[in-house]
Every structure is written in structure tokens, then in C-alpha cells.
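2 protein chains.
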Amino acid sequence: MPVITKGDGVATVINVFTVAPGDQARLVELLTKATQSSVRYVPGFLAAALHRSLDGTKVTMYAQWRSVEDYQRMRSRPDTSPFLAEAVTIAAFDPGLYEVVEVFQPKATQGT
Amino acid sequence: MPVITKGDGVATVINVFTVAPGDQARLVELLTKATQSSVRYVPGFLAAALHRSLDGTKVTMYAQWRSVEDYQRMRSRPDTSPFLAEAVTIAAFDPGLYEVVEVFQPKATQGT
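Those protein sequence lines, which keep their order, are chains Z and W. Under this note's numbering, the residues of the first sequence are numbered 202 to 313, in order. Under this note's numbering, the residues of the second sequence are numbered 202 to 313, in order.
These aren't lab readings, by the way, just hints derived from the structure by calculation. Please note that a few of the clues may not be correct.
Same chains, same names: a pair is fine if it fits in one copy or spans any two.
Each computed PhoX-like pair below joins lysine-lysine, with the alpha-carbon atoms no more than 20 Å apart [to be verified]: (1) Lys308 - Lys207; (2) Lys308 - Lys234; (3) Lys234 - Lys207.
Model the full structure from these sequences, guided by the hints.
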């Protein structure tokens with residue numbers, strides 16, 4: 202499971218898929234199958250979590266890679282998963298490649 | 202720090218801010234200050250991580266709340282942080298409220 206920390210050099214990919222509410226369940230299924238059957242076998246893949254928006258209009262993948270180069274090597278492979286190929290026919294997506302700049306924890310109001 | 206697991210009932214908020222590259226550092230500063238000085242004191246706040254896109258055009262906050270109600274109570278407060286007020290003048294944002302549907306770990310190709 203992904204653990205988010207600062208300064209560990211991990212390359213984070215956050216990909217927000219926008220989808221018609223009637224297609225959200227299918228999109229979740231396709232992205233799950235693509236990750237289970239293909240992406241998680243790629244060298245450099247560390248962890249990922251798939252999120253379903255409560256309003257039905259988004260699905261977001263949060264993925265951690267050992268390095269930007271590992272992620273880009275996966276993206277440039279010609280053998281795209283058929284599940285991923287179907288996913289992009291029912292959803293628009295906007296991926297971002299990130300580094301973690303800050304992590305926050307709760308603070309109690311008592312005791313200033 | 203956020204740990205992403207499935208079935209823990211956590212309400213996840215993923216907020217993607219789009220920004221001009223020249224404003225990214227300032228936006229990171231404002232969102233950090235808003236979270237440090239205000240958001241993390243709100244009951245129900247569990248953890249969050251702020252991410253900077255490597256291309257300079259996005260900043261994404263990944264936040265975990267005890268429940269949807271806790272998050273919505275924070276959003277409806279009239280005393281918005283001045284840092285957050287300035288942040289929305291330099292960035293567009295698109296928040297999503299999510300539940301985790303699946304978590305993935307790496308799998309070796311050896312041994313099928």
C-alpha cells in the first residue's frame with residue numbers, strides 16, 4: 202500500500218480520469234485489471250491505490266515509482282494493456298508527475 | 202503521513218490545483234501555510250501530503266479525513282484561511298471526494 206513521505210525520492214503519478222457516472226464502475230474494473238495484469242509487473246513500480254469519487258464523475262490512480270525514468274519506460278512500451286486501451290475510450294485523463302513537498306499531521310487545539 | 206489502505210472508511214480528498222509555472226512555488230507556500238496554521242487543527246483531519254508537479258503546472262493536495270461530514274464541516278466554515286484565499290487568486294482547483302477501491306503492490310515476473 203502507498204505510504205506518502207517526503208524526501209524519499211519516489212516519483213508520484215496522480216492520474217485523474219473523468220468519466221460519465223454510468224461508466225465509473227466499468228472504468229474502475231478496467232484500471233484494476235490493467236494494474237493487476239500488467240503495470241505491477243513493471244520494474245520500478247512500488248505501489249498504487251485506485252480511488253472512486255463519491256459523485257461518480259472521477260476515478261483517480263495514485264501511483265509510486267522508483268524513479269521518473271522507470272515510469273517513463275513503462276509509458277513508452279508498445280504493449281499497452283487491452284484494459285487500458287478500453288479505459289481511454291470511456292474516460293478523459295490528466296496525469297501529473299509529482300514529488301512530495303510536504304506532509305502534514307493533525308494538531309490539537311489545546312495547549313496552543 | 203498518509204498511508205493509503207482499502208476499507209478503512211477514510212474520506213479522501215484529492216485536490217488538483219492548476220497554476221502558471223511562475224506561481225507554483227508561491228502556491229506551495231500558501232497551501233502549506235493554510236494547512237499548518239488552520240486545516241490540521243480541524244477535528245476529523247487525519248493526514249495530508251502536498252505534491253508539486255515536475256512540469257511546474259500543478260500542485261496536488263492528497264488529504265484524509267475521518268468522515269465526509271468532517272470534511273464538509275471544515276469547508277463550510279466562514280473563517281477561511283487568508284493563505285487559502287490568496288491561493289485561489291493564483292490557481293484554479295478541482296477537488297474530488299473519494300473512497301479507496303483498490304490497493305496494488307508490485308509483483309515479480311519470475312515464477313508466474
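Against the structure, the hints:
For the identical chains of this complex, Lys308 and Lys207 are intra-copy neighbours only, at 19 Å inside a copy versus 25 Å across copies, given an alpha-carbon limit of 20 Å. Taking the shortest alpha-carbon separations for Lys308 and Lys234, only the inter-copy value of 14 Å comes in at or below 20 Å, while the best intra-copy value is 39 Å. Taking the shortest Cα distances, Lys234 and Lys207 sit within 20 Å of each other only across copies (17 Å), while inside one copy they are farther apart (30 Å).
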